[in-house]
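Enquirer: As given, the protein sequences belong to chains A and B, one line each in that order. Residues in the first sequence are numbered from 1 upward in steps of one, following the numbering used here. Residues in the second sequence are numbered from 113 upward in steps of one, following the numbering used here.
Watch out, some of these pointers could steer you wrong.
Derived Cβ-Cβ restraints for the label pairs, each shown as a range [to be verified]:
#1 B/Asn-164 with A/Ala-2: 21 to 29 Å
#2 A/Arg-57 with B/Ser-140: 34 to 42 Å
#3 B/Ala-205 with A/Glu-52: 36 to 44 Å
#4 B/Gly-171 with A/Arg-22: 47 to 55 Å
#5 B/Lys-168 with A/Arg-22: 43 to 51 Å
#6 A/Arg-22 with B/Gly-152: 16 to 24 Å
#7 A/Gln-99 with B/Asn-150: 20 to 28 Å
#8 A/Ser-98 with B/Val-156: 16 to 24 Å
So these bits of chain B aren't anywhere near chain A, every CB distance computed over 12 Å [claimed, not checked]:
#9 Gln-121
#10 Val-156
#11 Lys-181
Anything over 10 Å on all C-beta distances counts as not near chain A; from chain B, calculated [to be verified]:
#12 Asn-130
#13 Ser-136
#14 Ala-202
These are calculated hints, taken from the structure and not from any lab test. A quick note: this is a predicted structure, and the numbers were derived from the prediction, not measured. Beta carbons are placed, not taken as given, at the ideal position from N, Cα and C, and that holds for glycine.
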Amino acid sequence: DAGVTQSPTHLIKTRGQQVTLRCSPKSGHDTVSWYQQALGQGPQFIFQYYEEEERQRGNFPDRFSGHQFPNYSSELNVNALLLGDSALYLCASSLTPSQPQHFGDGTRLSIL
Amino acid sequence: SQQGEEDPQALSIQEGENATMNCSYKTSINNLQWYRQNSGRGLVHLILIRSNEREKHSGRLRVTLDTSKKSSSLLITASRAADTASYFCATAAYASGGSYIPTFGRGTSLIVHP
């Protein structure tokens with residue numbers, strides 16, 4: 001039973017570019033959340049998707065957007081990349097929005 | 113902003129010793145969760161304790177919750193080198209729509225020396 005999978009594992013971009021990160025939730029999970037984790041910090045909640053809709057959003061600018069597909073997989077898009085966007089981006093899934101989350105190993109995004 | 117704050121920031125012990133980490137938070141919660149993160153990996157859920165519970169055990173893990181003091185502790189007994197990781201507490205309160213979003217602290221970095 002595959003857990004949460006994320007792709008790519010590493011990505012290098014330059015300022016101003018756009019990036020798309022992908023996440024496949026654990027089998028049977030329909031809720032997907034995205035987090036940003038800067039070095040030495042705890043994960044910061046970006047947003048949560050359930051039934052293909054954004055249900056909750058953290059304190060992130062509109063440059064951060066997402067999508068959930070009918071098979072529950074999800075994408076995180078970041079436009080106009082800034083140096084400060086360099087971080088580990090984690091995807092987490094759960095059976096329902098109120099259940100504990102299972103995390104993927106993340107995508108390490110570096111902005112030059 | 114981060115609701116939960118772990119203490120200490122770093123902890124170094126010998127294998128076989130117990131490790132205690134603390135978490136303090138500021139607002140009312142529905143539950144508190146502890147997660148472990150090995151270097152370069154995702155977070156692994158360890159234990160969830162609800163606001164009406166005071167203590168919970170899972171294997172070598174013991175979690176306590178004191179809602180009057182807005183604090184929790186995670187005790188790892190008989191630690192092993194494999195317990196070396198960062199440990200995060202995450203507080204959660206119900207949001208609109210029936211979901212709740214864990215808010216993570218900065219974590220405690222635990223090193224267990226063989």
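Enquirer: The structure should be examined with respect to each hint, and the outcome stated for every one.
Expert: Each hint tested on the structure:
1. B/Asn-164 with A/Ala-2: 21 to 29 Å: Check failed, 35 Å falls outside 21 to 29 Å.
2. A/Arg-57 with B/Ser-140: 34 to 42 Å: Given about 21 Å between the Cβ atoms, the range is violated.
3. B/Ala-205 with A/Glu-52: 36 to 44 Å: Roughly 25 Å apart at Cβ, these two residues miss the hinted range, so it is violated.
4. B/Gly-171 with A/Arg-22: 47 to 55 Å: violated, 34 Å
5. B/Lys-168 with A/Arg-22: 43 to 51 Å: violated, 35 Å
6. A/Arg-22 with B/Gly-152: 16 to 24 Å: For A/Arg-22 and B/Gly-152 the Cβ distance comes to about 19 Å; the hint holds.
7. A/Gln-99 with B/Asn-150: 20 to 28 Å: holds, 23 Å
8. A/Ser-98 with B/Val-156: 16 to 24 Å: holds, 19 Å
9. Gln-121: violated, 9 Å
10. Val-156: B/Val-156 is in fact no farther than 12 Å from some Cβ atom of chain A, at 7 Å.
11. Lys-181: holds, 21 Å
12. Asn-130: Non-interface label on B/Asn-130 holds, nearest chain A Cβ at 24 Å vs cutoff 10 Å.
13. Ser-136: Since the minimum Cβ distance to chain A is about 14 Å, B/Ser-136 lies beyond 10 Å and the statement holds.
14. Ala-202: violated, 8 Å
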